[in-house]
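Each chain is listed here by its residues.
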Amino acid sequence: MFNKSSAASTAFSRRGFLGLTAAAASVPLLAACGGGSASQGADPNGVIKFWDMPWATPAYNDAAKKIAEGYAPESGKLKASYQTIQWNNFYQTFSSAIASKTGPSVSTGGGFQSFQFEQQGQIAYADKVVDGLKANGMFDDFLPGVLEPFKSEKGYVAVPWQLDMRVFWYRQSLFEQAGLEVPTDWSSLLEAGKALKKIGAFGFATGSGAGNNIGNHSMIMMMVNNGGGVFTKDGELDVMNDRNVEAVEFLLELVSNGIVDPASVSYTTENLNAMWRDKKAAFGPYVLGVPERVGDTSGDIMVASPLAGPHGDKGGLVFPNNIMMYTNTPSQESSEAFLIHYMGQLKELWKQKLMNALPVFKSITEIPEFASDPNNVKIVKEWQPIAKTFASQGNVLSDKLAVLDGGQALNQFTQTILTGKTDAKSALQTFQSGLESVLKK
Amino acid sequence: MSLTTAQKGLNRARRGVAPSGAGEPSGPTNRTSKLSAQTSRTFFWLLLPSIVLLVLIHGYPLIHAGVQATHDGSLIETGNFVGAENFATVLSSPAFWKAAQFTLLFTIVGVFGSWLVGLGLALLLRTKIPAGGTFKVLLLLPWVVPIVVSSTAWNWLVATPDSLIPSLFRHLGLGAPLFLADPTLAAITVMVFKVWVSFPFMMMMISAALASVDSTVYEAASMDGASRWQQFSQITLPLIARSTYISWILMTIFCVNDFPTIYLLTGGGPVDATTSLVVLAYRTVFQDFATGPGIAIAFLMTMTLVVISVILYRQIRKSSVE
Chain A
113 MFNKSSAAST
123 AFSRRGFLGL
133 TAAAASVPLL
143 AACGGGSASQ
153 GADPNGVIKF
163 WDMPWATPAY
173 NDAAKKIAEG
183 YAPESGKLKA
193 SYQTIQWNNF
203 YQTFSSAIAS
213 KTGPSVSTGG
223 GFQSFQFEQQ
233 GQIAYADKVV
243 DGLKANGMFD
253 DFLPGVLEPF
263 KSEKGYVAVP
273 WQLDMRVFWY
283 RQSLFEQAGL
293 EVPTDWSSLL
303 EAGKALKKIG
313 AFGFATGSGA
323 GNNIGNHSMI
333 MMMVNNGGGV
343 FTKDGELDVM
353 NDRNVEAVEF
363 LLELVSNGIV
373 DPASVSYTTE
383 NLNAMWRDKK
393 AAFGPYVLGV
403 PERVGDTSGD
413 IMVASPLAGP
423 HGDKGGLVFP
433 NNIMMYTNTP
443 SQESSEAFLI
453 HYMGQLKELW
463 KQKLMNALPV
473 FKSITEIPEF
483 ASDPNNVKIV
493 KEWQPIAKTF
503 ASQGNVLSDK
513 LAVLDGGQAL
523 NQFTQTILTG
533 KTDAKSALQT
543 FQSGLESVLK
553 K
Chain B
5 MSLTTAQKGL
15 NRARRGVAPS
25 GAGEPSGPTN
35 RTSKLSAQTS
45 RTFFWLLLPS
55 IVLLVLIHGY
65 PLIHAGVQAT
75 HDGSLIETGN
85 FVGAENFATV
95 LSSPAFWKAA
105 QFTLLFTIVG
115 VFGSWLVGLG
125 LALLLRTKIP
135 AGGTFKVLLL
145 LPWVVPIVVS
155 STAWNWLVAT
165 PDSLIPSLFR
175 HLGLGAPLFL
185 ADPTLAAITV
195 MVFKVWVSFP
205 FMMMMISAAL
215 ASVDSTVYEA
225 ASMDGASRWQ
235 QFSQITLPLI
245 ARSTYISWIL
255 MTIFCVNDFP
265 TIYLLTGGGP
275 VDATTSLVVL
285 AYRTVFQDFA
295 TGPGIAIAFL
305 MTMTLVVISV
315 ILYRQIRKSS
325 VE
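Residue numbers (this note's numbering), protein chains in the order written: chain A, 113 to 553; chain B, 5 to 326.
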């Protein structure tokens, strides 16, 4: 027994041990951050590789795959293959693949991904696709204002295919129970929140826990609702403007009055869903399809009309998800032809009720499968026309927005507001400094 | 109180001699010296493929990461050489030091908390308790269950004011603590979660070490009139010292590198209260897209881990010599 132990001791050399320790300690850290391998060359199979994200249930990806792989190109153009890419570490997945020239020719992806890769010279501009959409009449079918944010000085960086909206939802029964009308402006939201608190409900349901960005979006949405935003019209940082200060002061008032759940700062998406499901959430910003998401399709959870800010401004938030093309493709003409074809088939996804997002085409908003839901109709009619992007007060999207959307500065700002232990100007100043330091890098 | 017999037994045990043994330990040095040069060469050639593979798998990312840490590029482009600028940026950042402070606390609590719980349970399992086998299996569950599942379960237990544990506190008249929303409580919760996840590993390490301690040493100590505490502090602890130091080294690495425990439960919040260095590195690279500074953080962590490992390894050697 003891001899075995001693033998192990001798064999367990210091150098070897340290080597193993260093390897064990460093590899998970450094390998996770390191780049991929570096094989070269275009796709040898001669197909347009289309990478798509799991935008909804697996049925969505099945349907999208059917569309992509069912594409029959005209003579001389390449067929397409379909690959689902998981959201986990998706930016790393794309980056590694692009660096090793094994990436896609066409893909969906993060909302601002196309602008990030454009900065690195990896994006093929979609001007010819837009020309193609003009030629086949689809260009005129776009909902107003959805294509413009993608037009950079060099051309269209990507083509929008769905709109991920943030709108206010409310639970009718809680308002009835409290004897209240649904808020129409900020002051009525504040008063309703105070009354709802008396029946144990929250008038501004949000959350910024692990993996939940609704809290972040709530902050920007309220700034936009007040005519503010993080950037100027020219795309310069403008966090400290008066409208933002006013919006944050209002948010802090909601927090200090207990209208925001004090535990919201740690709420995951599931916690927030549970809030809506358990009738704790009476009103708040959220994504499309809340009734289905929380499992209550009784009609009690509905889309509210946009609120008027203290200066009469109205505004919602929209993330125009897009399809982008890459310079690394076996045939740019084939990429373009495939993308035009795919855009023409999008209706099928809404017909099958697979999407939790607004379509970008007017014709799809009119199909019975979409228009039969009054919430959808209300969003198209009342929210889409006033929805603004993260680029607000500007309009054109950029790679800066990726840093804003998922970055630490906004998350820290949101959590500071939701804990209520700050004042508006200090919080915004810290937010601005955080963004400046990251955007400088 | 005389501990002569027990002390002799303990000394013999430390030298690697069974209490009833003849005397000189049959150490491995002799066996090692008998290995011929031919055998050593054979070992080398047998090991070479694995060594090459390890160097390729671990070496390439390490070198590539080193390049990225000294450049201002992205995950796709290497960018321009900036020397130690990324390191300087990181070291002058308050966020880095806040994360370092939390990492240190998280590691200390994680290592010693799980060791204490593991030690207690390992000693308990050494005694004859009813359904000991079942008990042992159940105690392993926190280590065996995937972290995604256990973090979801913990979230369910503590996240909202109506969750089980806050409700329990409320019913006991202890207020309504917001375990994940209050920065201090969130830090404590994450550390307790880490101890809960890790103690089975410590328990197994210590159980294995305890199994190798000859019971006659305790019998001799009892005959000399040693109390339970004296037996524990002067026999058990010294005899399991080597395993203890190894487990501390491993747990230190596990804690410093622990991403999922923190990220899944709190995401590093609220307001960075539970942001460790590894979480900060991840967020810097993948959320702020600042590749160089993020990898610089990872390098600094690695260097710190190596230093800690060296210190603890010296303790292992020291305990072996003693």
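For the record, the hints were derived by calculation from the structure and aren't laboratory data.
The C-beta atom is built at its ideal place from N, Cα and C for all residues, glycine as well.
Do not rely on the hints blindly, as some may be mistaken.
Over the 10 Å line for every Cβ pair with chain A, so calculated as not near, a few chain B residues [said to hold, decoys possible]: (1) Thr46; (2) Leu52; (3) Asp276.
Below, computed lysine-lysine pairings styled on DSBU-like, alpha-carbon distance capped at 30 Å [as the list claims (entries may be wrong)]: (4) A/Lys178 with A/Lys537; (5) A/Lys263 with A/Lys246; (6) B/Lys102 with A/Lys533; (7) A/Lys310 with A/Lys246; (8) A/Lys552 with A/Lys537; (9) B/Lys102 with A/Lys537; (10) A/Lys246 with A/Lys266; (11) A/Lys552 with B/Lys102.
Checklist entry - Which numbered hints turn out to be false for this structure? => result Violated: hints 3, 4, 7.
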